[in-house]
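*Asks:* Let the hints inform the model, and build the full structure from the sequences given.
Spelled out from the first residue to the last, the chains are:
There are 4 protein chains.
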Amino acid sequence: MRTKSFKSIVTNYKAVFFDAFGVLKNHSGLIQDINQTFEYLEKKGIYYYVLTNDSSRSPEELSNWYIKRGLNCITTDKILSSGMLAMEFFKTKLQDGNSVAYLGTRESAHYIETAGLHTVPIGDVDLNHIDHIQSFAFLDDEGFDWNVDINKSINLLRKKNMNVVVANTDKNYPVNKNDISIAIGGLADLVEKILGKKFIRFGKPDAQMFLLAYERALQDIRVKRDEILMVGDTLYTDIIGGNKFGLDTALVLSGNTLPEMASIRIGSSGIIPTYVCESAVIEP
Amino acid sequence: MRTKSFKSIVTNYKAVFFDAFGVLKNHSGLIQDINQTFEYLEKKGIYYYVLTNDSSRSPEELSNWYIKRGLNCITTDKILSSGMLAMEFFKTKLQDGNSVAYLGTRESAHYIETAGLHTVPIGDVDLNHIDHIQSFAFLDDEGFDWNVDINKSINLLRKKNMNVVVANTDKNYPVNKNDISIAIGGLADLVEKILGKKFIRFGKPDAQMFLLAYERALQDIRVKRDEILMVGDTLYTDIIGGNKFGLDTALVLSGNTLPEMASIRIGSSGIIPTYVCESAVIEP
Amino acid sequence: MRTKSFKSIVTNYKAVFFDAFGVLKNHSGLIQDINQTFEYLEKKGIYYYVLTNDSSRSPEELSNWYIKRGLNCITTDKILSSGMLAMEFFKTKLQDGNSVAYLGTRESAHYIETAGLHTVPIGDVDLNHIDHIQSFAFLDDEGFDWNVDINKSINLLRKKNMNVVVANTDKNYPVNKNDISIAIGGLADLVEKILGKKFIRFGKPDAQMFLLAYERALQDIRVKRDEILMVGDTLYTDIIGGNKFGLDTALVLSGNTLPEMASIRIGSSGIIPTYVCESAVIEP
Amino acid sequence: MRTKSFKSIVTNYKAVFFDAFGVLKNHSGLIQDINQTFEYLEKKGIYYYVLTNDSSRSPEELSNWYIKRGLNCITTDKILSSGMLAMEFFKTKLQDGNSVAYLGTRESAHYIETAGLHTVPIGDVDLNHIDHIQSFAFLDDEGFDWNVDINKSINLLRKKNMNVVVANTDKNYPVNKNDISIAIGGLADLVEKILGKKFIRFGKPDAQMFLLAYERALQDIRVKRDEILMVGDTLYTDIIGGNKFGLDTALVLSGNTLPEMASIRIGSSGIIPTYVCESAVIEP
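Residue numbers (UniProt numbering), protein chains in the order written: chain A, 1 to 284; chain B, 1 to 284; chain C, 1 to 284; chain D, 1 to 284.
Treat the hints loosely; a few may be bogus.
Identical copies look the same in the list; a pair holds intra-copy or inter-copy alike.
Said to hold, decoys possible - Derived lysine-lysine pairs resembling BS3-like cross-links, with alpha carbons at most 27 Å apart:
id : residue 1 : residue 2
1  : LYS68     : LYS193
2  : LYS177    : LYS44
3  : LYS171    : LYS198
4  : LYS198    : LYS177
5  : LYS197    : LYS224
6  : LYS171    : LYS91
7  : LYS224    : LYS171
Bear in mind the hints are in silico, worked out from the structure with no lab data behind them.
*Replies:* Here is the structure:
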């Protein structure tokens with residue numbers, strides 16, 4: 001697999017979209033020296049944004065994580081999350097006085113509540129009084145009792161037909177160097193299959209996630225889609241989604257796609273990045 | 001939907017295979033008057049067997065459930081369960097001194113242990129010492145912490161390649177008139193999808209389940225396959241499996257398939273029972 | 001199923017997105033009296049656009065079909081097709097001098113060629129000289145020999161890794177009152193499954209189709225998403241796609257979804273239109 | 001990947017089940033020196049049978065193929081095919097005077113007709129007179145016009161509900177060193193998905209195929225399942241099917257599974273053969 005230096009390609013673009021996990025950070029913290037990349041982009045006047053399928057926390061909280069670790073340039077307005085799309089959906093569809101039942105942490109719901117929406121954790125739902133519940137959201141894999149609350153969600157959705165939103169399409173995520181954990185998107189697949197219904201999913205590779213970031217970029221700069229580079233570590237979300245939306249794409253080998261497997265994975269998936277780079281780090 | 005009386009058809013057969021749930025019993029106990037059916041079969045000299053995808057309890061325990069409720073003729077030797085196929089598999093494949101890790105109750109494992117096999121609940125597995133674990137079994141949806149133990153199972157199966165058996169193919173089961181619960185087969189689907197591996201599944205509609213019952217019947221009576229009637233409430237397990245194995249099939253409307261939906265379900269699935277009956281109850 | 005009159009709801013919107021098949025036309029021609037709808041919209045100053053998953057013909061040809069039948073207001077600029085998205089993709093990704101191999105009619109390819117792209121029908125491809133072939137497109141189910149050319153496409157895609165575009169996501173389409181035909185989207189599913197690769201699909205319910213129409217509408221009028229009504233006959237494309245993009249949606253019962261099944265289909269799919277209308281026809 | 005010599009393991013068994021394609025033959029003819037294997041088995045008194053998912057020809061015709069090439073020991077009674085299971089099914093389910101419509105060559109149907117069944121190629125079916133058509137069979141990928149006859153099959157199955165049998169579960173097969181062709185099992189998947197119905201599939205890895213061979217073996221010799229070795233080149237049919245039926249299994253690397261990929265494939269699939277051998281050839 002012939003790789004290109006990230007520095008050599010990035011200067012051809014007016015803006016860069018970064019995936020977060022496996023590109024800017026991993027289970028132990030920030031990717032080493034990734035701050036140099038942003039110093040370089042700032043110097044060159046290249047705009048940048050972070051696109052994440054994380055619906056468990058608000059852009060403010062996500063931004064704080066970077067700032068605490070010294071990456072002050074990742075401000076709230078730089079972050080676009082699938083949770084924002086879910087919130088936007090509920091704002092349009094939910095009628096006054098009604099509630100969204102959810103699976104997730106109180107934190108993940110609090111974020112939705114800041115938009116003026118009522119939420120209720122599935123654990124607090126009384127299945128005999130569900131008139132006020134008008135939608136359902138899969139927000140986070142933590143914050144509830146899987147044994148009890150997944151079945152309770154299924155039975156709620158059998159009793160009443162409502163819009164169901166999956167705010168994170170990922171099936172699993174790494175918890176350390178070796179182990180993974182099922183993500184809320186994986187649990188949503190299970191429930192959807194049992195019910196035979198069709199849920200509404202937000203997050204990469206869906207075009208709506210890229211549209212959200214593109215509209216944000218247009219507020220900062222006049223830019224066409226082929227002047228933007230999408231940088232990600234996952235072929236099935238970042239790369240195919242970026243390709244389809246008309247962006248150039250760079251696969252980095254610092255996360256999900258291991259260097260020794262990159263060539264096989266590209267060949268067997270048929271998902272072809274414009275470039276392959278070892279990482280998104282730019283040496284000074 | 002034109003239905004036939006069960007009495008009118010059953011006398012054409014030398015043996016009958018019954019599904020349990022929705023045919024002989026439901027969430028509140030035995031189907032009313034089902035004892036009359038067995039009295040009639042005994043009188044006519046027709047043999048009968050119960051085929052169940054229940055891997056949580058041994059044939060002895062399953063038999064006791066009927067006997068406690070006065071159906072003394074459902075003895076252990078009349079019961080064929082997918083758990084028996086799982087046990088048979090492990091007896092062949094497991095090497096001495098090695099263990100089967102499992103998801104399920106201690107009860108479901110105890111049953112496997114009676115065959116001389118070592119088992120260990122996933123909760124007791126130390127992921128750093130897994131040399132002695134040689135197989136994995138999905139046995140029951142109860143008896144473990146879903147939040148912790150499903151992820152732990154996934155990580156065990158990522159660390160070591162081993163035969164994985166799903167001892168119950170059902171995706172869900174009714175817990176009362178209105179509500180359902182995810183079955184261990186549904187959880188196994190989730191884990192299989194996350195891992196991208198292929199598990200070994202036992203239970204109807206698979207031919208091996210019908211073969212197990214057929215071989216048992218042959219110990220009692222000289223019978224050809226088309227002299228056996230399979231009676232069940234579910235098109236996708238009992239009926240398609242029976243049809244494929246060369247049995248005649250009767251769909252009963254006392255369980256999973258509601259009377260008002262039977263015709264639509266048969267039409268949309270393309271699974272065609274030989275007969276449709278209101279229930280398996282025979283009026284005296 | 002309580003339905004609303006289309007007239008009573010449409011005046012609440014600044015713009016309307018119409019699906020074509022089952023809404024404006026069917027296998028015998030234009031839906032009777034549909035011209036009245038457009039007269040009414042014109043009178044009220046409501047903008048309208050047609051969103052179609054038809055990649056076999058250009059917007060010009062699609063427009064001509066309506067004009068020939070007296071619906072002169074459906075001009076080229078009113079039509080947004082999944083074929084346009086495919087063409088846009090190739091313009092970005094295809095390098096000079098290279099070609100797109102395709103399955104479809106010469107007509108479907110001619111349309112792509114007007115954008116300056118080179119195309120070659122799979123029948124003309126020499127599998128020993130494929131250096132210049134850089135992409136592959138599924139355009140139409142007609143115009144080639146299924147026995148020979150589907151297998152030839154598979155073997156081309158095994159020999160060389162390239163971007164593969166499916167320009168119409170539909171699986172089948174009606175050819176008369178009773179019969180259906182497999183669409184190119186159905187053939188693409190077959191090839192994708194055999195190869196184990198991931199194709200790029202354009203068409204409803206994907207957000208990119210709605211974005212294309214929304215951007216066109218913004219050239220005509222200042223409009224927010226919730227001021228647009230999506231009108232369609234299919235829950236799984238028009239309605240779920242419109243809902244997700246933040247539009248209000250009206251399911252009409254003049255096509256795919258039969259009046260007697262509408263309520264069951266909405267219940268079993270969990271896809272909930274804002275309104276249900278008998279048809280999109282407005283009585284004068 | 002540590003491999004074993006086939007000779008060293010085969011003597012531990014009373015009988016051997018061989019897959020055909022990739023084990024005994026390939027696209028250019030018999031595997032070189034495979035005759036030596038059968039000479040050795042004869043000498044040692046080990047029984048052998050050939051299990052094939054080929055439903056296009058009768059056991060007689062399949063046997064003739066080997067005999068013409070000098071392998072006289074592969075007589076008709078040694079061959080067990082998925083076509084035999086299909087024929088058995090129709091004999092049980094088809095009522096007198098009725099017909100099986102089919103996709104395949106006349107040859108594939110002639111074989112079914114020898115059992116006294118009436119067949120009609122889909123091309124000869126008049127969709128307005130289908131009273132006598134009671135079942136449908138997918139037999140072979142050749143012998144019909146895919147453009148016309150696949151759609152015609154779909155519309156027949158929409159007009160009338162009937163048992164549908166897929167007599168070969170394979171999705172594709174090799175036609176030369178580099179190229180593959182879609183098998184009838186792949187076409188059946190396409191039709192099943194369009195219809196949303198459930199077909200009856202015969203062939204490995206299904207237990208019924210192994211049962212057929214086991215019952216044949218029992219006519220020749222007293223043998224238990226764990227005294228039989230299943231030899232195949234494909235993990236997803238031969239090996240998982242053999243394992244599940246309680247046989248020991250040997251994966252050979254002379255066909256579908258390439259030597260350099262064997263270890264990765266076993267690891268990623270979780271399908272674990274008892275042994276891995278370079279080929280089934282026994283050096284004298």
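*Asks:* Determine for every hint whether it applies to the structure shown.
*Replies:* To see whether the hints hold, each was checked on the structure:
1. LYS68 to LYS193: neither (40 Å within a copy, 36 Å between copies)
2. LYS177 to LYS44: Close neither inside one copy (34 Å) nor across copies (52 Å); limit 27 Å.
3. LYS171 to LYS198: Intra 17 Å, inter 17 Å, cutoff 27 Å: intra and inter.
4. LYS198 to LYS177: Cα proximity of LYS198 and LYS177: across copies only (24 Å, versus 34 Å in one copy).
5. LYS197 to LYS224: The answer is neither: 37 Å in one copy and 29 Å across copies each exceed 27 Å.
6. LYS171 to LYS91: within (26 Å within a copy, 33 Å between copies)
7. LYS224 to LYS171: Answer is neither: 32 Å inside a copy and 33 Å across each miss the 27 Å cutoff.
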